[in-house]
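Peer 1: Given the structure of chain R, go ahead and fit chain X onto it with the hints provided.
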Amino acid sequence: MLKHFTSYFTKLLVCLSALIFPLSAMAQDSNAVAMADKLRSDGKIYVVVTVIFTIFLGIILYLFTIEKKIKKIEQNQK
Amino acid sequence: MRKVWWKILCILLLSVTIIVGLLMPVPALNILNETIRNLYFHVPMWFGMMLLFTVSLVYAIRFLKTQDLKFDIYSEQFAKVGVLFGSLGMVTGMEWARFTWGEFWSNDPKQLASALSLLIYFAYLALRGSVPDYDKKAKISAVYNVFAYFIMIPLIMILPRLTASLHPGNGGNPGFGDLAAEMRPVFYTAVIGWFLLGIWIATLAIRFQLVARKHLLSTHNVEMDVFKK
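Residue numbers (the working numbering), protein chains in the order written: chain R, 1 to 78; chain X, 1001 to 1229.
Hint data in this document are derived by calculation from the structure and do not stem from the laboratory.
Since this is a predicted model, take the numbers as computed values, not measurements.
Some hints here could point you the wrong way.
As the list claims (entries may be wrong) - Which stretches of chain X does chain R cover? Using the computed rule of at least three CB atoms under 8 Å from a CB of chain R, they are:
no.: 1; stretch: 1086-1100
no.: 2; stretch: 1195-1204
What the hints assert, rightly or not - In silico BS3-like cross-links for lysine-lysine, where the CA-CA straight-line distance does not exceed 30 Å:
no.: 3; chain 1: R; residue 1: LYS69; chain 2: X; residue 2: LYS1137
no.: 4; chain 1: X; residue 1: LYS1110; chain 2: X; residue 2: LYS1065
no.: 5; chain 1: X; residue 1: LYS1080; chain 2: R; residue 2: LYS69
no.: 6; chain 1: X; residue 1: LYS1110; chain 2: X; residue 2: LYS1214
no.: 7; chain 1: R; residue 1: LYS71; chain 2: X; residue 2: LYS1007
no.: 8; chain 1: X; residue 1: LYS1003; chain 2: X; residue 2: LYS1110
no.: 9; chain 1: R; residue 1: LYS72; chain 2: X; residue 2: LYS1003
no.: 10; chain 1: R; residue 1: LYS78; chain 2: R; residue 2: LYS68
no.: 11; chain 1: R; residue 1: LYS72; chain 2: X; residue 2: LYS1007
no.: 12; chain 1: X; residue 1: LYS1136; chain 2: R; residue 2: LYS68
no.: 13; chain 1: X; residue 1: LYS1139; chain 2: X; residue 2: LYS1080
no.: 14; chain 1: X; residue 1: LYS1110; chain 2: R; residue 2: LYS72
Beta carbons are placed, not taken as given, at the ideal position from N, Cα and C, and that holds for glycine.
Next up, chain R with everything else stripped away, as it sits in the complex:
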């Protein structure tokens, strides 16, 4: 009777672990899924760097457009 019970118990355990293990494996997987995590690491400082760099590039682009306009006026005057 006891032997029967233990075998039943081990079967149950195996079944349960078979059920749970893939779940836990999946949970680990979802952590390990390769995403573009670089920008989210280090407290998301990379986002700040991106923002500042974007603003900087915007200002530079603006300078180039002003320069283009001035060049046009300079050529018109000649």
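Peer 2: Positioned in the frame of chain R, the structure of chain X alone reads:
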């Protein structure tokens, strides 16, 4: 002035400043913490301001020598961008001070001295605006420019160093000088980059003014030629 290579250099240097300056490891210091990275952004404003004022001074002297109004325009625009940089340096410095010294303004000798020298250059702009006659304006402001420069230098460079200051490196505060070996390359990159950006903005303003005042410049220089003959 119209070449493109130094503008690209400027973009490269400032890109390095922003990306490397924000991401590279820095020395961990009390009080300063991560704000030590402001060294790449706040301090180059002041360095840039002084360099731009130096260029402005050179053109003021060239104007006094040649009486060519073109140089007056150069001098004015470089001074204006210098004032812009100085104002940004002042504001960023106050923001930084709020979170390291506790107050936006704590009458620190360097704060006071740089505020004074900024006021002197504000007065330069006010002086320019108050003289309607262009020749007089140019001459008076060129002479004033020379005086302003040689008041600014001791105010910023010498006086604050003679007294205790809250600034890093002064009066026993943790400074950059002795430990900045790893920060130095980025810092110099930042200074050159921001200075080039200042020159860029100034040259755009100069080219605009040269076009806008073309008539004035040509008649003035014709008169000057007659005068010389």
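Peer 1: If a hint holds in the structure, say so; if it doesn't, say that too.
Peer 2: Taking the hints in turn, this is what the structure says about them:
| no. | hint | in the structure |
| --- | --- | --- |
| 1 | 1086-1100 | violated (count 0) |
| 2 | 1195-1204 | holds (count 3) |
| 3 | LYS69(R) with LYS1137(X) | holds (29 Å) |
| 4 | LYS1110(X) with LYS1065(X) | violated (34 Å) |
| 5 | LYS1080(X) with LYS69(R) | holds (21 Å) |
| 6 | LYS1110(X) with LYS1214(X) | violated (41 Å) |
| 7 | LYS71(R) with LYS1007(X) | holds (16 Å) |
| 8 | LYS1003(X) with LYS1110(X) | violated (37 Å) |
| 9 | LYS72(R) with LYS1003(X) | holds (16 Å) |
| 10 | LYS78(R) with LYS68(R) | holds (16 Å) |
| 11 | LYS72(R) with LYS1007(X) | holds (19 Å) |
| 12 | LYS1136(X) with LYS68(R) | violated (33 Å) |
| 13 | LYS1139(X) with LYS1080(X) | holds (17 Å) |
| 14 | LYS1110(X) with LYS72(R) | violated (44 Å) |
When held up to the earlier numbered hints, the structure conflicts with 1, 4, 6, 8, 12, 14 and fits the remainder.
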